[in-house]
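Colleague: Residue numbers (the working numbering), protein chains in the order written: chain G, 1 to 894; chain L, 1 to 894.
If you're looking for bench data, these hints aren't it; they were derived computationally from the structure.
There are no misleading hints in this set.
Which residues of chain L face chain G? A few of them, derived with a C-beta cut under 10 Å, are: (1) M639; (2) E667; (3) I684; (4) E767; (5) F789; (6) S790; (7) T805; (8) M826.
Lysine to aspartate or glutamate pairs mimicking EDC-like chemistry, simulated, CA-CA at most 16 Å apart: (9) K426/L x E667/G; (10) K724/L x D818/G; (11) K652/G x E641/G; (12) K422/L x D445/L; (13) K724/G x D818/L; (14) K724/G x E803/L; (15) K200/L x E157/L; (16) K724/L x E803/G; (17) K426/G x E667/L; (18) K658/G x E641/G; (19) K796/L x E667/G; (20) K724/L x D810/G; (21) K648/G x E641/L; (22) K608/G x D546/G; (23) K839/G x D766/G.
Think of the CB as a built atom: it goes at the ideal place given N, C-alpha and C, for glycine as much as any other residue.
2 protein chains.
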Amino acid sequence: MTMEKKLVYFFGNGKADGTGAMKDMLGGKGAGLAEMTNAGVPVPPGFTITTEACNLFYELGKKVPEGLDAEMNEYLAKMEQAVGNGYRFGDVNKPLLVSVRSGSKFSMPGMMDTVLNLGLNDRTIEGLIRLSRNERFAWDAYRRFIQMFGNVVLGIEKEEFEHLISEAKKKKKVKLDLDLNAQDLKTLVEKFKAKVKQVKKRDFPQDPIEQLTMSRDAVFNSWNNPRAITYRRLNDIPANLGTAVNVQAMVYGNMGDTSATGVGFTRDPSTGAKVFYGEYLTNAQGEDVVAGTRTPHPIADLEKEMPAVYRQLREITDKLEKHYRDVQDFEFTVQENTLYMLQTRTGKRTAHAAVKIAVDMVKEGLISKEEAVLRVEPASLDQLLHPIIDPKAKITVVAKGLPASPGAASGMAVFSADEAVKQAKKHPVILCRPETTPDDIHGMDAAKGILTARGGMTSHAAVVARGMGKPCVAGCESIRVDVKAKKFSVDKTTVKEGDWVTIDGGTGRVILGKVPTKDPVVSGDFGTLMQWADEVRTLKVRANADVPRDAKMARQFGAEGIGLCRTEHMFFESERLPIVQQMILADSTEAREKALAKLLPMQRSDFKGLFETMDGLPVTIRLLDPPLHEFLPRREDLMVEIAVMQAKKAAKATISKKEKLLHRVEELHEFNPMLGHRGCRLGIVYPEITRMQTRAIIEAACDLAKKGKKVVPEIMVPLVGAVKELKNQKDLIKATAEEVMKKKGVRIEYLVGTMIELPRACVTADEIAKEAEFFSFGTNDLTQTTFGFSRDDAGKFINQYIETTILEKDPFQTLDQDGVGVLVKMGVEKGRKTRPDLKVGICGEHGGDPASVEFCYKAGLDYVSCSPFRLPIARLAAAQVRLKEKGVGGSGTK
Amino acid sequence: MTMEKKLVYFFGNGKADGTGAMKDMLGGKGAGLAEMTNAGVPVPPGFTITTEACNLFYELGKKVPEGLDAEMNEYLAKMEQAVGNGYRFGDVNKPLLVSVRSGSKFSMPGMMDTVLNLGLNDRTIEGLIRLSRNERFAWDAYRRFIQMFGNVVLGIEKEEFEHLISEAKKKKKVKLDLDLNAQDLKTLVEKFKAKVKQVKKRDFPQDPIEQLTMSRDAVFNSWNNPRAITYRRLNDIPANLGTAVNVQAMVYGNMGDTSATGVGFTRDPSTGAKVFYGEYLTNAQGEDVVAGTRTPHPIADLEKEMPAVYRQLREITDKLEKHYRDVQDFEFTVQENTLYMLQTRTGKRTAHAAVKIAVDMVKEGLISKEEAVLRVEPASLDQLLHPIIDPKAKITVVAKGLPASPGAASGMAVFSADEAVKQAKKHPVILCRPETTPDDIHGMDAAKGILTARGGMTSHAAVVARGMGKPCVAGCESIRVDVKAKKFSVDKTTVKEGDWVTIDGGTGRVILGKVPTKDPVVSGDFGTLMQWADEVRTLKVRANADVPRDAKMARQFGAEGIGLCRTEHMFFESERLPIVQQMILADSTEAREKALAKLLPMQRSDFKGLFETMDGLPVTIRLLDPPLHEFLPRREDLMVEIAVMQAKKAAKATISKKEKLLHRVEELHEFNPMLGHRGCRLGIVYPEITRMQTRAIIEAACDLAKKGKKVVPEIMVPLVGAVKELKNQKDLIKATAEEVMKKKGVRIEYLVGTMIELPRACVTADEIAKEAEFFSFGTNDLTQTTFGFSRDDAGKFINQYIETTILEKDPFQTLDQDGVGVLVKMGVEKGRKTRPDLKVGICGEHGGDPASVEFCYKAGLDYVSCSPFRLPIARLAAAQVRLKEKGVGGSGTK
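All chains should be built: construct the whole structure from the sequences, respecting the hints.
Modeller: Take a look at the structure:
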């Protein structure tokens, strides 16, 4: 294969081959470096090997395309020229050192591997010592290089090197790395090289070119390491993008006290406040800030320490924010009082910050309202709606760390990622770690919240937790985490594995025990953004709400109606259950009707409450759906009870009473209740139930109508598979409603429609639409029947399915567009063919999932209905899909 | 509305308005009368009111179309002319009496109501006495007329009249109706008229025209009586056909010993033998023969009694059979030595007879082979395959009746139709009745067999039982059935309700107790017909068979391969179950593999046996399908056991052992096992199971291939909903097979395919076909998921669904073409789009249902697979649909 495409892009000396728009090709970091270079920002020169090269690497069976090595050499020469002053890669006198970093289209913090100080060897180290006039720095750089290269490229465990450092410190009886002098580090370098030889049976490579090509290939390989795969899965990043490799001249933040390194944001990524935000460390390399091993200083301190550098940094980052029209997350290094920008990218932020920043930037005239709407990831709104610690709760705060990711969470303390995954199946857990690393991702995913003793607001724990929308308290230095003993202690308090602990990621508080939480109050900015979203969206949004309390919440969150009121939830209330059981145990229609008569006034008042709360908005009421045995004691419990009574020779009459109950429970027992006697099948076999529920609905509506109130009941018949089922129930409903309205002397408008939640309903939707005045897709059940997955049982295999990518996503969370979605579309098309003005909605859990909302919009649905808390997500997602369709630009913050 | 269409058709005097082809319009009886009249057969003249008039009657809200009465009068006049001799309807001197009979397109024996002797009143009776010179006959005719009219037209219970007859006989101390003389009958007529007045508050109508119009309307109304509706449902007769009304001059078989009435068949409807077959009664009306109240004489006796009439009857019926080219079922009456044919129609017959007759008629040159194939109703073949009494069984024959419908059946004796329905839910029942009436239909449907004390081979019980393919012993006069006491006795033996009794409908034997039965041996004619069917059919037929024994049977019944071998049936065998349980209870993959290693040789030998039996025909083997808990003790049983042990303070070790088992059972417990961890989901989570089964299959195949035998294994992955599931399993199968073949040093051809049994599989069949080398539709599960019906639980509502016609048919018996069928077609189309040569079959229960076989052929399937016993049905159905498509005529015997 001959080289045809340009696989390497240069940047340096104020001019780059690429541009900021070339993220696909250069990755986020490479595009940022090109853009910054072109914008005159001081960036160390270098070149980017494209993502295409990475993909070719995989296509060729992990070999780089022919010619790439030669091309790299050419660009190395260009880089030497840009650096100037006679610096050359591998030169003994003036050695040019480089960094090798990954950089894919989407930021994957900490996921990919990096090698710094590349180009050092036993000969160039002498040049570095001469040039830097800092022997300790030089040996430290060489030590770091061998360590990183050994780990990242050669695959030697980090601990192997760390262990040698600890030994050296122990031997010298000092605590800090900084206490090791040049000689110590020189000795360490020898030990490191011996370690490499011992483990890998080869010498540490001395040829800088070999070092470079090996590192490049290691970055390519790191694209498919397990951490990267997990992160991509969690963040919806396609696996075929590949990563670019950035080779850049090294600058040093660790060349003494006039050097520093730091990271920052142009606005506060946690609150969104327009403040310059960041952290730095003097005399350190970048990894020291991110790794959380030393707690950095707030960036404001830099103004005092290096005022000129600080001013220049503010100017540059302001320019970058205006240039990119979004918050920038940047990395910088000061080498002996000279500022270099190493990276800029769109800053990750909390949902809270995203909303504030989007609204602020509209006010500042930086972006349009529509762009603002597109700037917030709908799913992230979940974070805003996280509970907070009940302000009235009596709490014992034992420590305070950084408020790294908002929300409050209680759980049992666990001290390793594996334990978190294990225990999270049984109860909520808080993952407590000294610091987190990418290896802990699965544990963070399983935990309700994360607590770390070290690291700042941009530490791994903080960044990842924010991305996950999970509460995190980071850098809580007063606690001592003992991973081995499975406990942490603070002063005289000890929290052991299994103890309850609560964290408040909004304030950084660590609280003992389980603490009551409170629903969040949303900000004015949030309301503003939602209003802008509502202005553009055409898809209606309703809520699933069963009682007036939920309905009230739903309206607060912007519901334009109730899409699903599950009447059975009213049946389960404690004072009603005995009557419901009486109804089920009745041995004649008359006895059943007697019990139903007692339920009638209760249901009527339920509906009245709902109608009043919704005040003229439509309310879809589903008739009784679950199989009747759900209201009775469990069969196996009765069996055990009776057997024990018999074994203990209890009174015959007592036993016989229980036996009678068991007999009825046995009659109602089902092998597959999901597919059993439920839904409209109940109302068909027991028409008196449908009659009672219809009476309750229509009577409530009539009573309110008489008072001049507008009521829009939509009566929904569940689990229809054949049009005649609906016809049967509709006839019953119409007749009953007619009777009630006649008696009440008032007429109300109401609709009779059906859930479409069985494949057969989709297939015969044209027939069903002859009777149905509306459709509501019950995508939970439709997913169950289309896949043949019981939601209650699928846990036994579905995780494995997702891990092995047999399924991309849990179809109960995100609507399966290839399977279930095809049936939904078929249902909509067939239904509208019969009845062009058919009102169609969805009321499964999917109504609050952004991707599913997008699907629903495209499938032509009139509305989605979801739980009240997810309404903002649905509203925003509905607005975004509309804007995308209209071609309004602006990318979200992936 | 004005009359536009001809609604009345005349027949008589050797010429009819209609023809035999006009069954739709004239009904079977009317068309037969027209045809016979045209053919010069002596038929009493009359006219037929069309089925269209019946439908108009219903359209007009149970009113006849305007002008129909006038048209009828016109035709009455024509009829009077044809009868001649001055007979006139309503005439006092020469009264013409008529019969009014229903007659729809398809024969519905005993379902519809008939009125005879219409035209009699207090004045015309005198004429009849004079003309007949038989006062007793005349009063008996009048008595019968009032009784039938009173019952059929006025809706008075039969018992009301019967009671008066019984009283009269009691008063006179006689036993038989014949013992009542003219005076007695005259008195009875008065009492009957008084009864009518008493019950209906009106006089018995004296105006013959009013009698006629009321009767006509009653026949129209009888089309929708409950018995007729039930019969139509059981026999697949559409409800919108309507019935014709035949008004025909009366002739009398009860005018003394030179008169007779009878019914017959041109061949034996039970055996198919070419013998003149029938029964008659001297001095009787037709209803006496059919009703079973008197046991008639075999028709051979007529030759002695009335030789000339007998000869004429033979000539006419021979002519009719040749004319219609099929067995004729005829009714005749001899009035004072003159023969009249009252009806002829295609004779209903047993499956056995149908086969023999079809084959004989081809030999006789009467019909073609293809017509012969179309002459046998596929579903009826079931009868041929009914078990017979094991000839070696020691049996106690207590009585012998008529062999009215073939097959042997054991069951508990019940004495009413309602009881039959009730008890049949728990155990098999034999319905024992003095005789049956159309009111007993539901009980006959529920019973395994029917036993009657009275009635002949053409009695209601016999005709209906044959239609149902159920064993029936009729006219078993030696038994006394006491319905009230719920028992029958014969000599000194009494059989009470709940006692086991066995009937042999092939020989007429009634046997005490439960008797072992034996599989039937099919006749040479059957083989001939099947061969003809095979010559025309293109749809292949396979069998569902799990063990060599079934496979042998399958080949005998013509299987062209095994379409479904359910490997789990091999797991349930008693010596294997403990090993299977060991495998399930294993707490590591290694332990599981150890147990599987023990199963391997067993499975291998299973497959070897199957392959050897099938001898080169394809064998589709489904990998393990059911959820694993099916192989363990029931959860609730363990719970009870443990609770009882605890209550009784059993040893802790014993309890803890059980608890451990329960723990695993709980882990495997599922709320909806149908939708749970089963099918390919097992093989994905436990690849070692798939590996073992593949090894067993391929090793068996290799071993046989080495011996030069041809083996065609098709490995089928169950319950695939996403192509990646299949890919996962296919990769595993291919790798394992490759390994086995390498080791065995022999290569065999095999396919890997999948069941299509989930809606999602149909929807994504194009994707699945990328991996699948064949599809087999599992329509059982597909029906469950498409409808959301659990087959095990649907019993709670499905009967009501069918009774109220929410569903036309049980979708588990006949494939639901509107819903499930649409998905099947989608699956076939999408699958073949990806892989045009994709082999597609069906292996649900539907493969043996004629309507479903027809559907499968039309949907383009390559084969159907069903249980061995249903293979002949599938073969015949497949041949018929092919012939129908080719436009070969000939109607089945509905």
